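J.: Spelled out, the chains give:
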Amino acid sequence: MQLAREQILHIAELAKLTLSDGETTLFSEQLSAILEYFTLLDELDTSEILPTAMVIEQRNVLREDVAGESLPAEVVMDQAPHAHGEHVAVKAILES
Amino acid sequence: MQLYELTIHEALAGLRAGSFSAVELTQAVLERIEHVESATGAYLHLAPQAALQVAARADQARADGQDGALLGIPLAIKDLICTQDMPTTCGSRILEGFMTPYDATVISRLRKAGAIILGKTNTDEFAMGSSTEASAYQLTHNPWDLTRVPGGSSGGSAAAVAAGECLGALGSDTGGSVRQPAAFCGVTGLKPTYGRVSRWGVVAYASSLDQVGTLAQDAQDCELLLSVIGGYDPNDATSSQLPLPASEESLEPNLRGMTLGLPKEFFAAGLQPGVEQAVRCAIETFSELGAEIVKVSLPHTRYAVPTYYLISTAEASANLARFDGIRYGKSAEKADDIWEVFRRTRSERFGPEVKRRIMLGTYALSAGYYDAYYKKAQQVRTLIKQDYDRAFETCTALLTPTSPTTAFKLGERIDDPLAMYLGDLCTLSLNLAGNCGISVPCGSADGLPVGLQILGNTYDEAAILKMARVYQQVTDWHRARPVL
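Protein chains in written order, with the working numbering: chain A, 1 to 96; chain B, 97 to 580.
No wet-lab data here; the hints were simulated from the structure.
All clues stand as given, with none of them false.
Under the rule of at most 20 angstroms between Cα atoms (straight-line distance), these lysine-lysine pairs were calculated in the PhoX-like manner: (1) A:K91 with B:K426; (2) B:K430 with A:K91; (3) A:K16 with A:K91; (4) B:K481 with B:K471; (5) B:K426 with A:K16; (6) B:K430 with A:K16; (7) B:K360 with B:K481.
Model, not experiment: these values are computed from the prediction.
Extracted from the complex, chain B is given alone in its bound form (with noise of 0.2 angstroms):
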């Protein structure tokens, strides 16, 4: 096995008892890249020298006896994340060249906890897409298939752990942009909790909606990820004191005790043949290792795709207004006075699904329209979280696939936003109620990856990352790897 190919949990116990020391393993992943990545296009930007200057120092700090959560791990991180001394474009023209002059939270926590940062990876423009087709700047292939979609937004952090181009990878869900790229590539993509995690130097997209998520090869990767940079921040007053859950060593292989809810609307016609049988295998797993398998409803489901996208579109258009030419990025330069800055800088630097979405956003809050689309949108909201409440009252997690389809071909989509809109009809509802849930690999259907949606109550990641990680015990799905 090459070390590049390891868990971080096997790098750490590697790096631990002294077999490969932290340049060794940046050296292996660093040469993966050089020998994957144009074929793949994860990465935006890397950052090999300084990388390995990080390797270097968690290396004499190992042999001063010191250790961290994650020393001397390296890891790449979605470019909608701020940090410092690299840019930040969020996958957009109009933040090109920018450099961030400090690091999120997230980032000073993975920096603390001993991680090595490799480069920033490639994103759909402000996080809005669900195949990162929507990058300014380049595309990002499935290592599985290059014709077709890594999954979005955070395709380039998914790509990037399938390919073995970094151990593990920071992205961010606002509608299932962390799972469903996991699903699509064959990875483990945890989202958290609203509030579980600290949002302070991550862009916004929308506010209600966005936190930031963890995409590793297992479980219990993204569990050790969660403990380092979850948690309480005083720079983010959404963010949760609640302590975060206590990672166990070893699991029983017994899920005796748990009810598990099987959505009704979650396995509507729709849902792609392979994508089902990989995920009814699955359930079947579940139940012999201990668990109740009961069949419940989320009527509202139908109902999520437009609420979400009136909600997150109305809160971009608002969070995006920020983006002016003037403070930061890029500003054009034939205006005449300072609305025409503001204007020409938005217009020839935002991209179409940016637009789009702005005009969409702006509508359902302008004047007239407010009370029809936006807070009929929220009141819909509403009934979608107590959807969730009462089954979660009977339930300990609800299963279902991750998305109803397998990774489509680059371009199939593109030019139709609402068959992409709707391809999202599997993730959207969970960040509308702020719940957690986690997508880990269950199958293969012609070749591709199929993703198993594990969603749990809000702040009761413990259960979910439990049942996956005693999943990954008994199966080999996660383990299968793509050949580049």
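Chain A on its own, in the form it takes in the complex (with noise of 0.2 angstroms):
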């Protein structure tokens, strides 16, 4: 199992991170080394097995639809980077 450096950038644009050539090598090498371990799990048939997701036996877990209180705008918008009064300011997303 060896990620080609491109199958690397594939991955890293889908995350939306941009690695430098030094990470690139690296995470080539050991997310390489790491799945090449992982195969391990390939000796086994799982054929007839349901895959568990959680392990909690809840489902379906509603509740009333009632509002509840909720942070006031203006904290809400002190953590973002850049906020117009009760807005997050992002750059243009459409192009004019």
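With the hints as a guide, bring both chains together as one complex.
T.: So this is what it looks like as structure tokens:
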């Protein structure tokens, strides 16, 4: 299991990460070694085994649809790196 | 004995008897922090003035005839748990300067019980690590040997308890992050059953595995902390409605009728001899206390490391997508468009271990690889869970080492992520099964603490806490403290 440079760059783009050349080489080596070790799971025939996503037994936890108290808008906006009043400011996402 | 050396239950007895005040207790802990913090590096943030104010209010409340389960007790909180009016960084540069606008459920419950929050403790970035070396801010040193790691990811909390820099602490345990640092630092660490404690306000790493845990000097304190933070929370739909274990004031030193299993896979080659010796000695103590010791097998244990790292990184890659530099935290300044804001913010501010795990998880979930990796891991998770279910048909609990080794040297494993992952062998599978576990000090190897891990059935914290408390009645390992 050897991850090619192009694969690393493809995964990085999916994850919205820009990797330096050094990181690309390092991750290519390290992730390849880790995935190689993970092929251990291929020893097991799991064709008849149901996957476990969650270990808890509750299903469809319902509650009354009532409005609770929210944080004040100015408190929330205080956290945004760029805010205008009650709005979060971002770079343009539509072409003008 | 100094005030900062007291257990929580001893301190409560002293406060209730009027032997000292909450202000005096808090002052003693703050002075201890001043004395040793430069050596341990356990805290990322301290709030001494606020702590003293809350302590003064606790004294006033007590003078007015009130009491609380933790009234006047100074505690430390892993910096992954949201605390109002304090920073929550998760050990990451991406949350540098972030002030949480609200309390996690576990924090509001601690405050309601009268606890004093001293500050936030160091953690591997987003809890991704086993040594706390992946913190973006500082190293935390093991109080028993400052050249060694405290374990991780709740290394700051474990070091703070061991060094007397708090009376107890909260951590989080996704793959052993409470139990392993507790073992490395010679304190007691409880990982409750998945769903026992609310995760609301706890920054998510791997949502199907994360659970808040407690670190303290003994099991009685862990039990007390669980009784305050645990239980159903409407804000966390995965939290359980089952009642918490009833706390018993005193226990008979007798474990007759309990069957304790030794899973042979946890005693395999690779165990440090001093660790094995201490754990075998502890098993002998349980036998003398009347428990029946039997051999059991958890045959899929060897698959737990790949299963855990596939599931946890997949969930992490989704959970950490929210850190985009837009709504909170830090944002990259020099970017031409919004995609560049995302990429630059994440690339500049996530550390190498976080990037590595996001990459691994993204790969495991990506088109063409999902069935081979993520689904396969979920199927093996079923087999691992079935191993535990079978063992608990005959056993009350299982006894294992918490870690195959004692605390390793700072820097020793940082360049070899796979070696770091393999060190988590003894703790990971419990999170995959969702069961509860506790690590208690059970000896020493070359001057470093060794942890015994007691694994319990789902929602059976009562059994493992009883075992741990009875063991601590007849042994003194939990009383040993490092010299700082």
